[in-house]
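Let the hints inform the model, and build the full structure from the sequences given.
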Amino acid sequence: EAGVTQSPTHLIKTRGQQATLRCSPISGHTSVYWYQQALGLGLQFLLWYDEGEERNRGNFPPRFSGRQFPNYSSELNVNALELEDSALYLCASSGRERLSAEQFFGPGTRLTVL
Amino acid sequence: AQKVTQAQTEISVVEKEDVTLDCVYETRDTTYYLFWYKQPPSGELVFLIRRNSFDEQNEISGRYSWNFQKSTSSFNFTITASQVVDSAVYFCALSVGGATNKLIFGTGTLLAVQP
Numbered sequence: 008e009a010g011v012t013q014s015p016t017h018l019i020k021t022r023g024q025q026a027t028l029r030c031s032p033i034s035g036h037t038s039v040y041w042y043q044q045a046l047g048l049g050l051q052f053l054l055w056y057d058e059g060e061e062r063n064r065g066n067f068p069p070r071f072s073g074r075q076f077p078n079y080s081s082e083l084n085v086n087a088l089e090l091e092d093s094a095l096y097l098c099a100s101s102g103r104e105r106l107s108a109e110q111f112f113g114p115g116t117r118l119t120v121l
Numbered sequence: 020a021q022k023v024t025q026a027q028t029e030i031s032v033v034e035k036e037d038v039t040l041d042c043v044y045e046t047r048d049t050t051y052y053l054f055w056y057k058q059p060p061s062g063e064l065v066f067l068i069r070r071n072s073f074d075e076q077n078e079i080s081g082r083y084s085w086n087f088q089k090s091t092s093s094f095n096f097t098i099t100a101s102q103v104v105d106s107a108v109y110f111c112a113l114s115v116g117g118a119t120n121k122l123i124f125g126t127g128t129l130l131a132v133q134p
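Protein chains in written order, with the numbering used here: chain A, 8 to 121; chain B, 20 to 134.
None of these hints come from the bench; they were simulated from the model. All values reported here derive from a predicted model rather than from experimental measurement. Possibly wrong hints are sitting among the right ones.
[To be verified] If you want the ones that stay clear, here's a sample from chain A, every Cβ over 12 Å from chain B, calculated:
id: 1; residue: R22
id: 2; residue: A26
id: 3; residue: S34
id: 4; residue: R64
id: 5; residue: P68
id: 6; residue: P69
id: 7; residue: S72
id: 8; residue: R74
id: 9; residue: N78
id: 10; residue: E82
id: 11; residue: N84
id: 12; residue: A87
id: 13; residue: L88
id: 14; residue: P114
id: 15; residue: T119
id: 16; residue: V120
[Stated by the list, open to error] Facing chain B, from chain A, some residues (calculated, C-beta under 10 Å):
id: 17; residue: S14
id: 18; residue: K20
id: 19; residue: Y40
id: 20; residue: Q44
id: 21; residue: L95
id: 22; residue: A108
[As the list claims (entries may be wrong)] Label pairs and their in silico Cβ distance ranges:
id: 23; chain 1: B; residue 1: T50; chain 2: A; residue 2: G102; range: 37 to 45 Å
id: 24; chain 1: B; residue 1: V103; chain 2: A; residue 2: G59; range: 38 to 46 Å
id: 25; chain 1: A; residue 1: R22; chain 2: B; residue 2: T24; range: 31 to 39 Å
id: 26; chain 1: A; residue 1: G10; chain 2: B; residue 2: T99; range: 24 to 32 Å
id: 27; chain 1: B; residue 1: S90; chain 2: A; residue 2: G23; range: 45 to 53 Å
id: 28; chain 1: B; residue 1: V65; chain 2: A; residue 2: L90; range: 27 to 35 Å
id: 29; chain 1: B; residue 1: N86; chain 2: A; residue 2: Q25; range: 18 to 26 Å
id: 30; chain 1: B; residue 1: S93; chain 2: A; residue 2: G65; range: 24 to 32 Å
Here a beta-carbon is modelled for each residue, glycine too, at the ideal position from N, C-alpha and C.
As structure tokens, this is what we get:
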């Protein structure tokens with residue numbers, strides 16, 4: 008069974024640009040989560056999508072946004088990039104069969120903002 | 020508010036030693052879930068275990084074991100007879116489920132197993 012996939016692996020942007028990161032969940036999973044792992048800040052929850060709807064959002068500015076498509080894949084968009092947005096962005100997916108089901112993570116997209 | 024504390028930033032052991040990674044959590048919810056994840060140098064988080072707040076039984080899986088104690092709000096992870104392949108950052112996480120479902124991570128413990 009294929010795991011969570013993310014693209015691209017690496018992304019280099021300049022300050023002020025927009026970045027789009029993509030995630031495909033494990034087949035059968037309907038929930039997708041996004042986390043940011045920045046140096047010195049640890050793993051921070053960004054967004055949770057389920058059945059195409061945004062269910063919860065972490066403490067991030069509105070320029071972090073995303074969506075979930077009918078096939079449950081997801082996009083994370085970061086507008087007006089700032090230097091501190093440089094981080095590893097991890098996507099995870101889970102099924103809905105139980106509360107707080109284990110989340111399975113993808114390999115991440117490393118975003119570098121110059 | 021929920022919080023996870025992993026006080027050990029780095030641990031270095033020699034192969035075949037046993038090592039325990041500490042995790043202390045804070046939550047006022049009576050229903051919650053605890054997790055451990057491993058992050059090898061490749062970066063991908065690997066799920067190790069999920070435990071709910073009503074199940075205080077310790078669990079053993081091969082060389083891995085987990086000790087959950089509600090009285091001390093701890094969920095410690097022990098690796099027996101460590102191996103070089105165990106070298107990674109280990110994260111403890113908390114979720115209170117329901118409307119949030121997010122994982123609240125500790126800061127991680129870097130485990131280095133020397134040959």
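Structure-based check of all given hints:
Chain B leaves R22 of chain A outside its interface by the beta-carbon criterion, the shortest separation being 24 Å against a cut-off of 12 Å. At roughly 18 Å from the closest C-beta of chain B, the C-beta of A26 of chain A stays outside 12 Å, upholding its exclusion from the interface. No Cβ of chain B comes within 12 Å of the Cβ of S34 of chain A; the nearest lies about 17 Å off, and the non-interface call holds. For R64 of chain A, the non-interface assignment is contradicted: its Cβ lies about 9 Å from the closest Cβ of chain B, within the 12 Å cut-off.
Look at P68 of chain A: its CB is around 17 Å from the nearest CB on chain B, clear of 12 Å, so calling it non-interface holds up. In this structure P69 of chain A is separated from chain B by more than 12 Å, as the shortest Cβ-Cβ distance comes to about 18 Å. Listed as outside the interface, S72 of chain A is consistent with that label: its C-beta sits roughly 17 Å from the nearest C-beta of chain B, beyond the 12 Å cut-off. No Cβ of chain B comes within 12 Å of the Cβ of R74 of chain A; the nearest lies about 18 Å off, and the non-interface call holds.
Every Cβ of chain B is farther than 12 Å from the Cβ of N78 of chain A; the closest lies at roughly 21 Å, confirming the non-interface assignment. The Cβ of E82 of chain A lies farther than 12 Å from every Cβ of chain B, with a closest approach of about 19 Å, so its non-interface assignment holds. Residue placement check: N84 of chain A keeps its beta carbon more than 12 Å from all beta carbons of chain B (closest about 19 Å). With a closest Cβ-Cβ approach of about 24 Å to chain B, A87 of chain A is found to remain outside the 12 Å limit, as its non-interface label requires.
Against chain B, the non-interface label of L88 of chain A holds: every CB pair exceeds 12 Å, the least being about 21 Å. At roughly 5 Å, the least C-beta separation between P114 of chain A and chain B is not larger than 12 Å, which violates its mark as non-interface. Every Cβ of chain B is farther than 12 Å from the Cβ of T119 of chain A; the closest lies at roughly 14 Å, confirming the non-interface assignment. For V120 of chain A, the requirement that its beta carbon stay farther than 12 Å from each beta carbon of chain B is met, with the minimum near 18 Å.
Given the 10 Å rule on beta carbons, the hint for S14 of chain A is violated: about 14 Å separates it from the nearest Cβ of chain B. Below 10 Å, beta-carbon pairs count as interface contacts, and K20 of chain A has none with chain B, the closest being about 19 Å; its hint is therefore violated. For the restraint placing Y40 of chain A at the interface with chain B, the shortest Cβ-Cβ distance is roughly 7 Å, inside the 10 Å limit, so the hint holds. Taking 10 Å as the C-beta cut-off, the interface hint given for Q44 of chain A holds, the closest approach to chain B being about 8 Å.
The closest approach between the C-beta of L95 of chain A and any C-beta of chain B is roughly 6 Å, which is under the 10 Å cut-off, so the hint is satisfied. For A108 of chain A, the shortest C-beta to C-beta distance to chain B is roughly 8 Å, which falls under 10 Å, so the interface hint holds. Hint check: T50 of chain B to G102 of chain A, Cβ distance near 19 Å, so the stated range 37 to 45 Å is violated. Between V103 of chain B and G59 of chain A the beta carbon distance is about 44 Å. The supplied range of 38 to 46 Å therefore holds.
A hinted range of 31 to 39 Å holds for the C-beta pair R22 of chain A and T24 of chain B, which are about 34 Å apart. Roughly 27 Å separates the CB atoms of G10 of chain A and T99 of chain B, a value that falls within the hinted 24 to 32 Å. A hinted range of 45 to 53 Å for the beta carbons of S90 of chain B and G23 of chain A is consistent with their spacing of about 52 Å. Separation of V65 of chain B from L90 of chain A is about 30 Å and conforms to the stated range, judged on CB atoms against 27 to 35 Å.
Range check, N86 of chain B to Q25 of chain A: Cβ separation about 46 Å, and the 18 to 26 Å hint is violated. The supplied range of 24 to 32 Å is met by S93 of chain B and G65 of chain A, whose beta-carbon atoms lie about 26 Å from each other.
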